[in-house]
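K.L.:
Turn these sequences into a full structure, and let the hints guide you.
Protein chains in written order, with my numbering: chain A, 4 to 368; chain B, 51 to 557; chain C, 6 to 411.
No wet-lab data here; the hints were simulated from the structure. Check the hints yourself; a few may be wrong.
DSS-like cross-link-like pairs, simulated, lysine-lysine; straight-line CA separation at most 25 Å [what the hints assert, rightly or not]: (1) B:Lys240 - B:Lys252; (2) B:Lys252 - A:Lys217; (3) A:Lys134 - C:Lys345; (4) B:Lys240 - B:Lys176; (5) A:Lys134 - B:Lys320; (6) B:Lys431 - B:Lys421; (7) B:Lys176 - A:Lys217; (8) B:Lys320 - C:Lys345.
Output of the computed footprint for chain B on chain A, the stretches with three or more beta carbons under 8 Å from beta carbons of chain B [as the list claims (entries may be wrong)]: (9) 208-221; (10) 230-236; (11) 349-356.
Incomplete in silico selection of chain A near chain C, CB under 10 Å [what the hints assert, rightly or not]: (12) Leu23; (13) Ser27; (14) Thr33; (15) Trp45; (16) Val116; (17) Leu119; (18) Leu123; (19) Ala152; (20) Tyr156; (21) Val341.
Backbone N, C-alpha and C define an ideal beta-carbon position, used for all residues, glycine too.
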Amino acid sequence: MIRRIGLALAAPALALAFALAVTSAILAGTGHPPLEAFGWMWDYGTKPDSIALTINLATGYYLAAIAVAIGFRMNLFNIGVDGQYRLAALVAAGVAGAIHLAPILTVAITIVVAMLVGALWAAIAAVLKVKRGVSEVISTIMLNYIANAVIGYLLVPGRLGVNVQGSQGVGTKVIPPSGRVPGFSLVGGSQTQVYGLVVLAILVGVGYWFLLGKTRFGFDLRATGRSESAAIASGVNVRRMVVISLLISGGVAGLIGIPNLLGESYSYSQNFPAGIGFVGISVALLGRNNPVGIAFGALLWAFLDNARQILDLYQVSKEIVTIMQATAVLSVVVAYEVVRRYNNNRHQREVARSLEKLKSGTVPA
Amino acid sequence: MLAAPAVELRGITKRFPGVVANHDIDITVRSGTVHAIVGENGAGKSTLMNTLFGMHRPDEGTIAINGEQVVFGSPADAIARGVGMVHQHFQLADNLTVTENIVLGMEPTSRFGVLAMRTAQDRIVKLGRQYGLEVDPEALVEDLGVGDRQRVEILKVLYRGARILILDEPTAVLVPQEVAELFDALRELKEQGLTVIFISHKLDEVLTVADDVTVIRGGTTVAAVDPRTTTARQLAELMVGSELPSPATRDSTVTDTPVLRVEGLGLTGKDDRQLLSDITFTIHAGEVLGIAGVEGNGQAELVETIMGMRTAAGGTVVLGDDDMTGWTTRRRREAGIGYIPEDRSRHGLLLDAPLWENRMLGHQTQPPNVKGILIDASGAKADTRRIVAAYDVRTPSIDVTAAALSGGNQQKLIVGREMSGEPRLLIAAHPTRGVDVGAQAAIWDLLRDARAKGLAVLLVSADLDELIGLSDTLRVILRGRLVASADPAHVTPEELGSAMTGAGDES
Amino acid sequence: MSEVVAMTRRGLATRSTRPFVLLGLVLVVFSLVRVVTGAQELTSAGTLQAAIALSIPLGMAGLGGLWSERAGVVNIGLEGMMIMGTWGAGWAGSTWGPWQGLAVGVAFGAIGGLMHAIATVTFGVDHIVSGVAINLLGLGITQFLAVQVLHNPTQSGEIPSMGTFTVPLLPGWMQSIGAHQWFLVSDLANVIFAIVDHPAYFTIMAVALLPITYFVLWRTAFGLRLRSCGEAPYAAETLGVNVYKYKYLAVLASGALAGFGGAFLAIWSGFYHDGQTQGYGFIGLAAMIFGNWRPAGLAVGAGLFGYTNGLQLRSPPAVHALLLVLVIALAAYSAWLLYKRRWVPGVISGIFTALVLLWFLKTNELEQHIVSATPYVTTLLVLSLASQRLRPPAADGLVYRRGGGR
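P.N.:
Laid out in structure tokens, this is it:
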């Protein structure tokens, strides 16, 4: 058991060490002291405000990674998470800005609308895959671009947009206080509040763990991911699974922007954070589709994104962090593959050894 | 006959982790002959041929080609020595032409590496004429039938100048006419001085075409016999040892209760091809219905249609009193069908998953694997331990992945799984294919037990002895139709064989 | 047997003439729509030149995808390799000159390809996963290098122009014919003008890479071996083909071609800037799939995208006229379905045709946002119509390990 956990941790640890080494080499090569740079990042990243910011950022990353991981577990690549969440956030923001109901109800409606929009956008890819055989990799990429156009179309005054006071930008109508979710102070001495909807991310994580690991549906989904032909023979309706899992993935994707929307920005505008869907892919890979692993991955990624800001102050280009993140992702998938092969060989050796024992009669059959 | 033997194997031993696949093999293949190597599934024939073709090195022993001792590090070395191999599973690229498949790796080129396709095609046509192996060199391989594909495989080997050909179970996928054509070609090759090593477990074929026969059992050579003075019966006894797998219990357990009734079942494939037409049969409780047929005549399609994995074009399938024609695979399984698929690793197992999750596969809606919509991991694990013990699955734990087990142990796990949950009907497709002899006997026993417990069993197999030994009723499938039936108590493999080819008119 | 031979021969004969017939038909339709709607930009030389320039980067990316996937390695990291190409060309181009820029851009793309090859071929990592990581890495490296080397996070200095090829006389004649706006004749003249009017050297090189690719992959022993790795690597292995080697070479070439595409973008724009590739790597991949993993099909796919993109950039109103083209195409498709007695899809398609026609008649222009989505929607539509007929290499995307076929 301990050995198994050790092996599971070996891959990410190796990968991170490798990423740090590569980054250090580059820093040193460009005339910056690596250890000091990491020190600055650490000092800045562990300030109370930074921690709160990191958690807020990680909330979106976590939801995005879970959305991606649902697909990954079934061998589906939902690269369209990015478009799904931005479109969902826009429409949800429009709805939340327009309705005036009891606080909880408004929030609930906003969340449901976001999930529905995300799921619907993903459904296009699902239908194209099941009915027309279009690879979801390509269709979701195209749908990301199309989402940009749809957002541009909707975000004009007269549709979902209004002119934002004091600037030239256009955003959705500001969500009234009844539709917001207040944050809380998790970290002492911090001015920045942690999103109240961090809870939503945790719930989604628990739900993901439960659905995939503990339910029949989850078993079907994982079986399909491991071997489609065996899943069919075992009675799984694979087409239906493709549609359902992409809908769930899109639904979760729809949630990505909501903690920020209801806890900080209160409006969807061109400034709304973009690209979280792509971060989600990386974080899901780092966390190996495991809900706890993804949580660590999301926090790490968010920490790096925050802490890198300080580097400018020291004339170190903060883009070095992107290299570190990318190296970590690439090396982590390599490391997982190496560990997987090692494990398979180990199992085969174990079987062989126990068979030899059986033959020599030292172990009762 | 003063020439050195084409191939001389002395004391070949090959070990794999946990198994000794070959030991002390001695074979002498005379030049210019067809030499058959026969043995049961799992006797070690393929391992031996892979050794001879350089796909792995023997742990002990020597190989001599034309009197000269050699060490093969890779197939390329073997090819360089004039040894070529035609694999049982064709190694062809469907989307390339015949010529491209043949010349790959040894392409005739003009300047700058430009393919000289004309030259290649001419040579292939010439080779084809010379040995009676004509194939359209411009055709795409995907458009070819099985027989033509095999010709391409043989041409591939000849094109490389092989003088010694290894054919691994070449007739397994052929229809009888194609077998006859293949044998003509083999004789032609022999005429022209080539040597053919022919691996098979089909004794009548061996006796037809071979000049010498070597028998392998339990990983070693047990006899070298002259086919002209040997009968199929004697060969069979040599193959399996003293005890022939005699169809033990002949006491009928067949009842009057129909379990599976299939009526007028049809299946249409791509391009409106009729894969199955008008299949009608009934299996009663306690009855084993065997389906005999040359591979590729609709057996796989029949099984998959009954399992609901393919949608029938017409007809009904009734289990007990339930018309399940429109049911999903899952509902059929829940209604009490156990299914031992033909291709374990594709349809029967999740190779990367632990054994206990494999225990759930196909039964993931039924206790003890689930409670309501939730997985009951402890229930599934406990039941996996039961299966491992009761069905003698050799494994150190139930947490290893299915990929770590040997074929025989994988199959025993599958049988154990499919027998749990009180099935009414068991569908067994090639249940002993690719398993070792010990596991084969065990699986036969398990099928007999199932029958004794009152299950209806649909048995599809290419192994005629297995079919005759286990079945209560035999039906023959040919080109997607059930064309004949036979009484296993009286029918001989020869009679069955001729019915399978459409030659006999048995009833 | 002889019948089969005869059939394939006949098939080849029609296959070689059909593209020209189709291209002619397309030109007739566009010319007709131009005359009817008066949207001269539809086939103007300017639009066509923009279309060519916009097609090339993604065409090169698609060609990169073709090399890689023909050897069985899915390459979704083209975008990252292309980004590296833009930066390499921007840096070297602004420092030394356009040709050096092109060379360095190609080399940078190839480095991206090398990383993808190491991950997928040597370590057996899932191809798409590795590609996603390469995209991230390409972005990170270039952004870092931009700050470190260019001291400007967003763009490079100016890259001098590469120089053009001058065709005598012909462009002038074509221009004067094109100016008359005659039906069909002027359109054809515009097409020719767009091609022969001072093409840049690297445009000629890029276009030449299409037939060169075809020749290398389909007419040489090297190409046959490379393709065999994408179709049946284990069969190739039994014939002594070093599958690893060919996969490595293919993915390297793939990266180099993507780098070429990136370099083209930078040199054509006159400088490198952050975000220059705009996802062309992905669209190139879509164009390759659209083209059924073949150079000619890929060229059509890239051209289609480049054209719609060029038209929407140059003249948004003219995109409205494209609706009429769509109506004609849909009407033909419906008629063909009905002719084939496929009543239900035929009628549905017919209704759809009528709706688009109504849309065309009831509106005078299309909103900018819809226009900007045209290339992507077109790609998606075409894929949804064509996907089932596509024939990807049989072992595309599968992890190969030596000796793993047994």
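K.L.:
Please write out, lowest number first, the hints stated earlier that are contradicted by the structure.
P.N.:
Checked against the structure, the hints that fail are numbers 2, 7, 12, 13, 15, 16, 17 and 18, while the rest are satisfied.
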